[in-house]
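Q: When you get a sec, could you build the whole thing from the sequences and use the hints?
There are 2 protein chains.
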Amino acid sequence: MKLGDVATPALVVDRQAFDHNVTTMAAALPGPRLRPHVKAFKSTALARELAAAGHRTFCCATIREVEGMAAAELGSDLLLANEVLECRRLGAIVAAGAARVTVAVDSDETVAAAAAGGVPEVLVDVNVGLPRCGCEPGDAGRIAERARAAGLEVRGVMGYEGHLMREPREQKVAAVEASMKLLLAAHADVGGDVVSAGGTGTYDCNLWATEIQAGSYCLMDTEYLPHAPAFRHALYLWSSVISVNPGGWAVVDAGLKALGMDHGDPTVVGAGDCWFVSDEHITFGTSPERPVRVGDRVRVLPAHVDPTVALHDRMFVVVGQGPDAEVTDVWPVDLRGW
Amino acid sequence: MKLGDVATPALVVDRQAFDHNVTTMAAALPGPRLRPHVKAFKSTALARELAAAGHRTFCCATIREVEGMAAAELGSDLLLANEVLECRRLGAIVAAGAARVTVAVDSDETVAAAAAGGVPEVLVDVNVGLPRCGCEPGDAGRIAERARAAGLEVRGVMGYEGHLMREPREQKVAAVEASMKLLLAAHADVGGDVVSAGGTGTYDCNLWATEIQAGSYCLMDTEYLPHAPAFRHALYLWSSVISVNPGGWAVVDAGLKALGMDHGDPTVVGAGDCWFVSDEHITFGTSPERPVRVGDRVRVLPAHVDPTVALHDRMFVVVGQGPDAEVTDVWPVDLRGW
Chain Z
3 MKLGDVATPA
13 LVVDRQAFDH
23 NVTTMAAALP
33 GPRLRPHVKA
43 FKSTALAREL
53 AAAGHRTFCC
63 ATIREVEGMA
73 AAELGSDLLL
83 ANEVLECRRL
93 GAIVAAGAAR
103 VTVAVDSDET
113 VAAAAAGGVP
123 EVLVDVNVGL
133 PRCGCEPGDA
143 GRIAERARAA
153 GLEVRGVMGY
163 EGHLMREPRE
173 QKVAAVEASM
183 KLLLAAHADV
193 GGDVVSAGGT
203 GTYDCNLWAT
213 EIQAGSYCLM
223 DTEYLPHAPA
233 FRHALYLWSS
243 VISVNPGGWA
253 VVDAGLKALG
263 MDHGDPTVVG
273 AGDCWFVSDE
283 HITFGTSPER
293 PVRVGDRVRV
303 LPAHVDPTVA
313 LHDRMFVVVG
323 QGPDAEVTDV
333 WPVDLRGW
Chain P
3 MKLGDVATPA
13 LVVDRQAFDH
23 NVTTMAAALP
33 GPRLRPHVKA
43 FKSTALAREL
53 AAAGHRTFCC
63 ATIREVEGMA
73 AAELGSDLLL
83 ANEVLECRRL
93 GAIVAAGAAR
103 VTVAVDSDET
113 VAAAAAGGVP
123 EVLVDVNVGL
133 PRCGCEPGDA
143 GRIAERARAA
153 GLEVRGVMGY
163 EGHLMREPRE
173 QKVAAVEASM
183 KLLLAAHADV
193 GGDVVSAGGT
203 GTYDCNLWAT
213 EIQAGSYCLM
223 DTEYLPHAPA
233 FRHALYLWSS
243 VISVNPGGWA
253 VVDAGLKALG
263 MDHGDPTVVG
273 AGDCWFVSDE
283 HITFGTSPER
293 PVRVGDRVRV
303 LPAHVDPTVA
313 LHDRMFVVVG
323 QGPDAEVTDV
333 WPVDLRGW
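Protein chains in written order, with the working numbering: chain Z, 3 to 340; chain P, 3 to 340.
By construction, these hints were calculated from the structure, which means they are not laboratory data. Honestly, I wouldn't trust all of these hints.
What the simulated footprint calls covered on chain Z by chain P, stretch by stretch (three residues with Cβ under 8 Å from a Cβ of chain P suffice, anywhere in the stretch; the number is not a length) [unchecked claim]:
hint, stretch
1, 26-38
2, 178-184
3, 282-294
4, 302-315
5, 323-329
Think of the CB as a built atom: it goes at the ideal place given N, C-alpha and C, for glycine as much as any other residue.
A: Structure, rendered in structure tokens:
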């Protein structure tokens, strides 16, 4: 099948850019130095590619992601890097021997939930500066003790310096160090051998974590690329021009139902400036220098990959560019929902 | 089942608010005066409620929506109010006798696509001021002629005054009139008995269309409600507090994967101000006056219903409020994708 035969709108993975991204990351953080974050792509088929590149430990954000990874036999070491109040579905996976599952805890309640649900291993999630989940660093040792008292194995700590991913490079390194010192202090209180942190924006300057939780690097988006320029845009929306107005604009058949919009407007490649996005449309400006016609196919780059992928049920993997590009694979987005 | 038994995050329809919205609209625009827009809720179960309220003609934005409505035997008059370049899937529905299908056309190419795909009926889509699809009003007669020459039945015109939905009331009425005069002029050139226009924001002041295309009114959202205050919030995200920080914030387990974000941040009801939304989290401010605890359930109102619904595979219908509310129905969101 050629890309030109694929109905629009469709989510497309550029195989060469994807391979570049995977190879670049695997060279920087081989094997278990990287714990790829499944939330960024929600596809066991894509995760299998990362396993083939040497990464066998994965990070998940939802129970559904853990279940899907276990069912796909990618469960040798799954970290649910999020707080969960009802762990029975996770415990069932462990009881069935389908996966090794570790869950993040940051409170007495989440420790109790892990114990009650039958999840045997935890990481203590520590607030390292991003106001989200994670206990205060000084409370980590107490939570670890409580977990051990509840019969849980405490593997170590995690902390996400998400507030630093977009810092200018010259400030980023020092800021990550300061953030990770908080995590290492907590680790000294907690014990265990895991210090899990980081993301695509700090993969090459977080020198303190034992493993980096990165996922966006696989597919990338327009918002993130300036902050991790070693990677390439490997995901786009394949769309069709359905209307051209003589007033100086045109419309493609992809919109809010196909694009995560929290990071702003998408980029209509080689066409014109995005004017606005509606449910099933992007209206963009046209010019005599860049004429478009009804029926033209256009690539649209999302501003944020993660919520974009969550709107699709599959990704078409292609080698090459344009309508003649060969579709070599279709990856189901099989980890949606909760 | 009680709402308290539903795993979070979950999309919830407040039955009483929904009934109020449906009743209010059906009183204002009974039967075929309203052509409910399926894109706003993407559920044949919900559409069936509207059919029971007297509306048997529906509006769709995608081929998938038309297919799903036809399969659900809700296809007595389906308008695909959008331009389509490949109509064979629509033609197959018509050929099978599964639905009456009309498609919007605004160019020679879309007329040719309807004819080639076997869609026998069209509306000429006219630009009435929103820079999106739709031919210029002066070109509508020519396109209708072209459609008739291609053997198509031209049922009339459509035009969406989407740029006026949020106008202050005192300017809205005159602006809608000016916009609809463009559509009526085109209609005079086109013929047919349908003048399809409008939306939830103009349902009560568009006096010129023969039918109004509204969908948001069923569920409503925080962005739209001020512009259509006769309706009520009938949709919310049911979420759990998973982390509380002594620094003055807390986190619920619903985020970008559960909420359309193009219209801005959601509202965390009765809790605190939304600080930011991540993939699976909303961080919101807390205060001594509004304490929250880990495990609390919280309602979150989306800023934009349409793309929010597209992220979920079902809606739980409840009577009452809070964990003891009775779940009376589960409506599959069965019209996602394209």
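Q: Could you tell me which of the numbered hints above are not met by this structure, giving the numbers in increasing order?
A: Of the numbered hints, 1, 2 and 5 do not hold.
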